[in-house]
Amino acid sequence: MENVLSIRGLTKRYRRIVAVDNLDLEIPSGTICGILGPNGSGKTTTLGMVLSVIHPSAGSYQWFGKQPDTEVRKRIGAILEAPLFYPYLSGLNNLRVVAKIKGVEESAIHRKLDLVGLSERKDSPFQTYSLGMKQRLAIAAAMLSDPDVLILDEPTNGLDPQGIHDIRALIKQIGGTGVTVILASHLLDEVEKVCSHVAVLKQGKLLYNGTVDGISGRKPRVEVGSEDLDALKSALEGYPGVESIQRSGEHLLVSFSQTPDNAHLNRMMFDKGITLNRIATRNVSLEEQFLEITKGKA
Amino acid sequence: MKRLLQIELLKLRNYRAFWILIGLYATALVLTLWFSESILNSILDGGPTGFMTLDVDSFPDSWHYLTYLAGFFTYILMVIVVLLVSSEFTYKTLRQNVINGLSPMEFLWAKLSLVLSLSLACALVVGISVMALGLLDDGITTAGWMFGKAGFLLGYFLQTLGYLVFTLWLTLLVKRSGITIGILFIYVWFIENIVRAIWSDKVAAWLPVRSFNLLVEMPFSALFKGEILPFASTTEYAVAVGYILLFFSMSAWLLKTRDL
Numbered sequence: 001m002e003n004v005l006s007i008r009g010l011t012k013r014y015r016r017i018v019a020v021d022n023l024d025l026e027i028p029s030g031t032i033c034g035i036l037g038p039n040g041s042g043k044t045t046t047l048g049m050v051l052s053v054i055h056p057s058a059g060s061y062q063w064f065g066k067q068p069d070t071e072v073r074k075r076i077g078a079i080l081e082a083p084l085f086y087p088y089l090s091g092l093n094n095l096r097v098v099a100k101i102k103g104v105e106e107s108a109i110h111r112k113l114d115l116v117g118l119s120e121r122k123d124s125p126f127q128t129y130s131l132g133m134k135q136r137l138a139i140a141a142a143m144l145s146d147p148d149v150l151i152l153d154e155p156t157n158g159l160d161p162q163g164i165h166d167i168r169a170l171i172k173q174i175g176g177t178g179v180t181v182i183l184a185s186h187l188l189d190e191v192e193k194v195c196s197h198v199a200v201l202k203q204g205k206l207l208y209n210g211t212v213d214g215i216s217g218r219k220p221r222v223e224v225g226s227e228d229l230d231a232l233k234s235a236l237e238g239y240p241g242v243e244s245i246q247r248s249g250e251h252l253l254v255s256f257s258q259t260p261d262n263a264h265l266n267r268m269m270f271d272k273g274i275t276l277n278r279i280a281t282r283n284v285s286l287e288e289q290f291l292e293i294t295k296g297k298a
Numbered sequence: 001m002k003r004l005l006q007i008e009l010l011k012l013r014n015y016r017a018f019w020i021l022i023g024l025y026a027t028a029l030v031l032t033l034w035f036s037e038s039i040l041n042s043i044l045d046g047g048p049t050g051f052m053t054l055d056v057d058s059f060p061d062s063w064h065y066l067t068y069l070a071g072f073f074t075y076i077l078m079v080i081v082v083l084l085v086s087s088e089f090t091y092k093t094l095r096q097n098v099i100n101g102l103s104p105m106e107f108l109w110a111k112l113s114l115v116l117s118l119s120l121a122c123a124l125v126v127g128i129s130v131m132a133l134g135l136l137d138d139g140i141t142t143a144g145w146m147f148g149k150a151g152f153l154l155g156y157f158l159q160t161l162g163y164l165v166f167t168l169w170l171t172l173l174v175k176r177s178g179i180t181i182g183i184l185f186i187y188v189w190f191i192e193n194i195v196r197a198i199w200s201d202k203v204a205a206w207l208p209v210r211s212f213n214l215l216v217e218m219p220f221s222a223l224f225k226g227e228i229l230p231f232a233s234t235t236e237y238a239v240a241v242g243y244i245l246l247f248f249s250m251s252a253w254l255l256k257t258r259d260l
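From first to last, the protein sequence lines are chains F and P.
Okay, so the first sequence: first residue is 1 according to this note's numbering, each after it adds one.
Okay, so the second sequence: first residue is 1 according to this note's numbering, each after it adds one.
With a Cα cut of at most 25 Å, we get these calculated DSS-like pairs of lysine-lysine:
id, chain 1, residue 1, chain 2, residue 2
1, P, Lys175, P, Lys92
2, F, Lys100, P, Lys256
3, F, Lys100, P, Lys92
4, F, Lys100, P, Lys2
5, F, Lys100, F, Lys66
6, F, Lys122, F, Lys100
7, P, Lys2, F, Lys74
8, F, Lys122, F, Lys172
9, P, Lys256, F, Lys66
10, P, Lys256, F, Lys74
11, F, Lys172, F, Lys193
12, P, Lys92, P, Lys2
13, F, Lys122, P, Lys92
14, F, Lys172, F, Lys74
15, F, Lys233, F, Lys272
16, P, Lys92, F, Lys74
17, F, Lys205, F, Lys193
18, P, Lys256, P, Lys2
19, F, Lys74, F, Lys100
For the record, the hints were derived by calculation from the structure and aren't laboratory data.
Chain F extracted, bound-state conformation (with noise of 0.2 Å):
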């Protein structure tokens, strides 16, 4: 797969932190890549960077196998921190404004405004729209030149539910197109339910990058239960695949080598006399791999 950037040692250094620190990273096309870290993790300063709006200290970068220029620019749609519009100018004008800069035909302004639902406010001023209107408006920026790449930098900031969920269907469904997305946030929650890869952020330094299922070898785990743990516990100590076994109040955790067979499990347990009352695969959560992994490294 072609990547859509390619990131080579990157670093930014302000007077005595390191914001980033050589970077490496690459985003295949296609992809609804999540870039996931704390607030301070140097997320908004990458993306500044490979944006041209802040300078690197070290390092390069290239889109689409290119140098960056001014018309790479135009085939990436993007918003860093916030939605940055000219608060007087109708939602319409600010528009025309992107268009102008882009070069892009002003009938693609309609189509931009009906996709994100703003075709009735497109004449209010900015500064009279609601949080979610704003983002919403910064898609139909974003998206006005029918760009390759879609950049979001914490895109249901400050929402509330109902804007979340649309920010996140209208992702997904952009994404659903080809664009690939690159989504910074610092919501685990959001990079699961949004992203198929994930780039882990911690103090400028690189310490997760891959697919969102494949972050870490994330061990298969069945939560079991029954009358008497311990003789549950020394049945299961002969079951072939199993690696360890936790206590985890009323049931037990077996963490596997591969994902178990459950019937099968079930079936063993009740020859040996055991009949189980709880049995349930459980996903590692992300949350808890982001712990995993952001602990003791950088």
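Position chain P relative to chain F; hints supplied.
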């Protein structure tokens, strides 16, 4: 350049503060030019030269008097430019412009095209006023007489452009409107005059604002002394144009090297 100016005009489309200020500016400018003769004479009537009557509307000296008077209104234009440029920082729209695919240099050329258009529009308004007032006063005379001192209009145009490019650079440097306006007027009204008072007019002639002012020098004191003021010299023009180029280059350097 045409595309960049179009972008700037789109940004102004429903910017009410801009249109109100520019409307006030234009009204004040035109009214002053049209009534300058009666205003000045009513002041002079009570003054030490009560016997004298000024004729500022007649060719060819009207080119000098009226462009000089028009120069006072440039301060309003400077405030407008500060507001237009600093808002690109407060709303972070400069950043978004660049993300959208405008280069920082294109942004600067766009702003330059705007101040250039403003300066041209002012020169046009003043030029038309001088012609109309002169024709009303004197009727049609020879072209040589009518346009004999029209060169002051070029001086006025460059003076306005100089002031505005200086303002553009200072706003790009400081970014905040209030502080910029403060520094701007302290510099223009005090610093340069202090230099003039401490050293000499010859030294001050090498300072930016004074060099712009020298393009259309104060006509009245010479008039009272019965002297005729000549056009600005080639050197004076060169210094002013040099400053315009310098402020533009320093603006370009700021935009190219700074994080947005």
